[in-house]
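As you go down the protein sequences, you meet chains A and B in turn.
Going by my numbering, the letters in the first sequence line up with residues 1 to 467, in that order.
Going by my numbering, the letters in the second sequence line up with residues 1 to 467, in that order.
Since the hints were made in silico from the structure, they are not lab data.
Just so you know, not all the hints are guaranteed correct.
Any copy will do: because identical chains look the same in the list, a pair fits if it lies in one copy or spans two.
Claimed, not checked - Cut-off 20 angstroms, straight-line C-alpha distance, at most; resulting in silico cross-link-like pairs (SDA-like, lysine to any residue): (1) K176 to D224; (2) K176 to G411; (3) K176 to L203; (4) K176 to M50; (5) K176 to R194; (6) K176 to S425; (7) K176 to G315; (8) K176 to H390; (9) K176 to E463; (10) K176 to A226; (11) K176 to Q218; (12) K176 to N230.
Nothing here was measured: the structure is a model prediction, and the numbers come from that model.
Number of protein chains: 2
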Amino acid sequence: MTEVPPPYHMSTDDFRRYGYEVIDWIADYLDSVDDRPIISEAEPGQIRAMLPDAAPEQPEPFDAVLRDLDEIVMPGITHWQSPGWFAYFPANTSPPSILGELVAAGLGVQGMLWSTSPAATEVEEVVADWLVDLLGLPESWKTTGPGGGVIQMSASDSTHTALVVARERSSGDPGKMVVYASEQAHSSIEKGSRVAGYGHVRLVPVDGRYAMRANALQGAIEDDIAAGLNPVAVVSAVGTTGTTAVDPVRAIGEIARSHALWHHVDAAYAGTAMICPEFRHHQDGLELADSYTFNPHKWMFTNFDCSLFYVADRGPLIDTLSIVPPYLRNEASESGEVIDYRDWHVPLGRRFRALKLWFVLRSYGAEGIRHHVREHVALAASLAERVETHPALEMIAPTPFGLVSFRHFDGDEATDALADAINDSGWAYVTPSTIDGRRFVRVSIGQTNTTAEHVDRLWGLIEQVAE
Amino acid sequence: MTEVPPPYHMSTDDFRRYGYEVIDWIADYLDSVDDRPIISEAEPGQIRAMLPDAAPEQPEPFDAVLRDLDEIVMPGITHWQSPGWFAYFPANTSPPSILGELVAAGLGVQGMLWSTSPAATEVEEVVADWLVDLLGLPESWKTTGPGGGVIQMSASDSTHTALVVARERSSGDPGKMVVYASEQAHSSIEKGSRVAGYGHVRLVPVDGRYAMRANALQGAIEDDIAAGLNPVAVVSAVGTTGTTAVDPVRAIGEIARSHALWHHVDAAYAGTAMICPEFRHHQDGLELADSYTFNPHKWMFTNFDCSLFYVADRGPLIDTLSIVPPYLRNEASESGEVIDYRDWHVPLGRRFRALKLWFVLRSYGAEGIRHHVREHVALAASLAERVETHPALEMIAPTPFGLVSFRHFDGDEATDALADAINDSGWAYVTPSTIDGRRFVRVSIGQTNTTAEHVDRLWGLIEQVAE
């Protein structure tokens, strides 16, 4: 490598040139992603072995970097943006979201305080408030009321934050504090509880639809009180990760109120569906919640990371998280007229994530998002119907949103063989999982570009293997 | 607004067209940013007032979104990427970093597990290991040894994570646990301690250079033990936020070892400087640390967010944070041959942040980064020298890196007048702060494009106002 003279910054002319090239690269990628085998076939260590042990001493031409992106990185990519993506939940991106992320990276503002870029805070307030109306959330959760929404990195962060605030609102030894969630709750509840130092997590039994049994919650709380423990928080799921089960939010909320528990609602995946009024009965009782999270970075065409966290009352949140050293003091903050989002989560720094969400909401419009969400849910319903009428298959849980959960009548081996055959196809990817000690196949329909054609093709394969 | 027919996704042709436009927009922005008044003049609520109260029902043309970016958002932007940025610490972006973020947004992979995109994990391992050599960190911190590095969102997250692991390694009531840091430690130590549920944070007195007095730490630990408390963790700063003071890492590490305290080192800003061997004496004793954090998103030309978190032993970290539900079980994870970065921090989901850091390290090369860091430090030294020889000004702390901290001899009012005049100029921005009850001006030199010309111009203004 020959030595390059300083300065070493890429010129803006080169940035334009390579910028166009990268835009074309992404456009080509998105156009061709359904022709690629979805699951990377890389072996452990294979990508690493293609990279040198030490960083280059001298600058390398950007062409070489882009070449290695194709030759070294791409073989190690599993294609979440493939329309054959039926695994986990979607982690959708979309063109307007990509462009929003790009603008945010170019501006490079750090929105820790209102004053460090007022637009970063105010656009975030506005989109958070827009979403209150779009999803039919309680009006008091707007930043113009006592509550408010903030963008966090993930639902795990939002849930952890809620549990920390709940812990601080209570008193005594955290080792005696208890968090309740259903047996089907996401692992982030247990992780967040452990990180926040709770002594106990009580996983409450579920009913036949995998929703929390409210009377079991009531019993567990009473047992814990009798045992000298301190019930502090309960997490309801609107759409569990296992099967998109919906906990009885209102009944849980009433129990939480009667025992002064913090009630956090995890709608990480299904929250997006509430943009369609016909799904809102699933969130009945939200006005009894203290906090709530949903992830536009799952199903709302906004690339990771973008998790909304709402609180009904921002007071306890800010009381818990606000610490103001001298170098962060400023007139606007001290006036009390502005929001400093630094005080709404663990990190201090924050990038301008609201921009991509604003780009998406404007570019799709509420109707555009509704259209695609309804299409995904209809596709899931049609797949569920086909599964139900198939002699060798059975649904293991209802399909309120976009997830179809089923098994083969012949048992675990046949069920796993089904999942393996789908995943070995290269053009579709599902997640095999376990519930009640038995295997099942999770087919999550919701990737940005998934259409009836992709679901029909998947069904063709399922039928073929199931016989 | 007329109704648009579905589908509502932006076509890839439009993505190309608007993508080029956004690339040009950013190139023009970066070329012209030093002509813009750095500090937004927006009043509280001004940006918000220009936005509608509700999201649009119908899709809007992307031209309208980009027009509003200029007309509504830009007046609310404070320009962190201006070469006249001398405030806080830098939050640098650079062309290769922007392009790395763009590719990551386009790929939209979610690297929670190795198996969900092996390259996302392995490129991250590789850049983390590269940085161990580049910064002269202990060899055992590589992922190929017992330790390892992971990208987190911010140093606040890294520090919080370290404090949670330390809490779990200890036992008993967290209300009796104590965290130690200097009086000059970053607010994230206090915030992280509070979030992790520690009962006590002890701010240890500093010496005349604002570095922690190791004997005062020793005394505080002994006093706390005598009072029945439980000393659990100590945080050393290599470059405090107030004045870039450097705590005696080795002495603190020895005290930590003798009392079995977890020793976390916060080099969020100054860590980047260690790419130049001549600064490494400031981190002498790192082999006695249990964890360490530095932020490439400050001074290493990599846009927010990108904070490296290293542990000397990844065992306790993973033991604390690993929870594996059925839908995340997979062969690669169970083989133990791969890293699942989900278990290295609070969030589960993660985007491919290593890509931009890899782009930066390759595009600049180690020599390129060294060159610019040395230039920034030399500029700071030259400004410090001018301050020292000026009859009306005095330095209040040494300048080991890129921060120049000084005051006016006439007192707080004159010092604030100096900061105000600089900030009112429109083309330079500094942070006024307070130390030992007296005001001072923080001039942080390290923005990607800051050159001698910008510093000379700043000095011209300082001289003019100081007289």
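Results for each hint:
no., hint, in the structure
1, K176 to D224, "within (10 angstroms within a copy, 24 angstroms between copies)"
2, K176 to G411, "neither (42 angstroms within a copy, 52 angstroms between copies)"
3, K176 to L203, "within (16 angstroms within a copy, 29 angstroms between copies)"
4, K176 to M50, "neither (50 angstroms within a copy, 49 angstroms between copies)"
5, K176 to R194, "both (13 angstroms within a copy, 18 angstroms between copies)"
6, K176 to S425, "neither (50 angstroms within a copy, 57 angstroms between copies)"
7, K176 to G315, "neither (25 angstroms within a copy, 27 angstroms between copies)"
8, K176 to H390, "neither (50 angstroms within a copy, 61 angstroms between copies)"
9, K176 to E463, "neither (52 angstroms within a copy, 61 angstroms between copies)"
10, K176 to A226, "within (12 angstroms within a copy, 26 angstroms between copies)"
11, K176 to Q218, "within (18 angstroms within a copy, 32 angstroms between copies)"
12, K176 to N230, "both (6 angstroms within a copy, 19 angstroms between copies)"
Violation of the numbered hints given earlier is confined to hints 2, 4, 6, 7, 8, 9; the remaining hints are satisfied by the structure.
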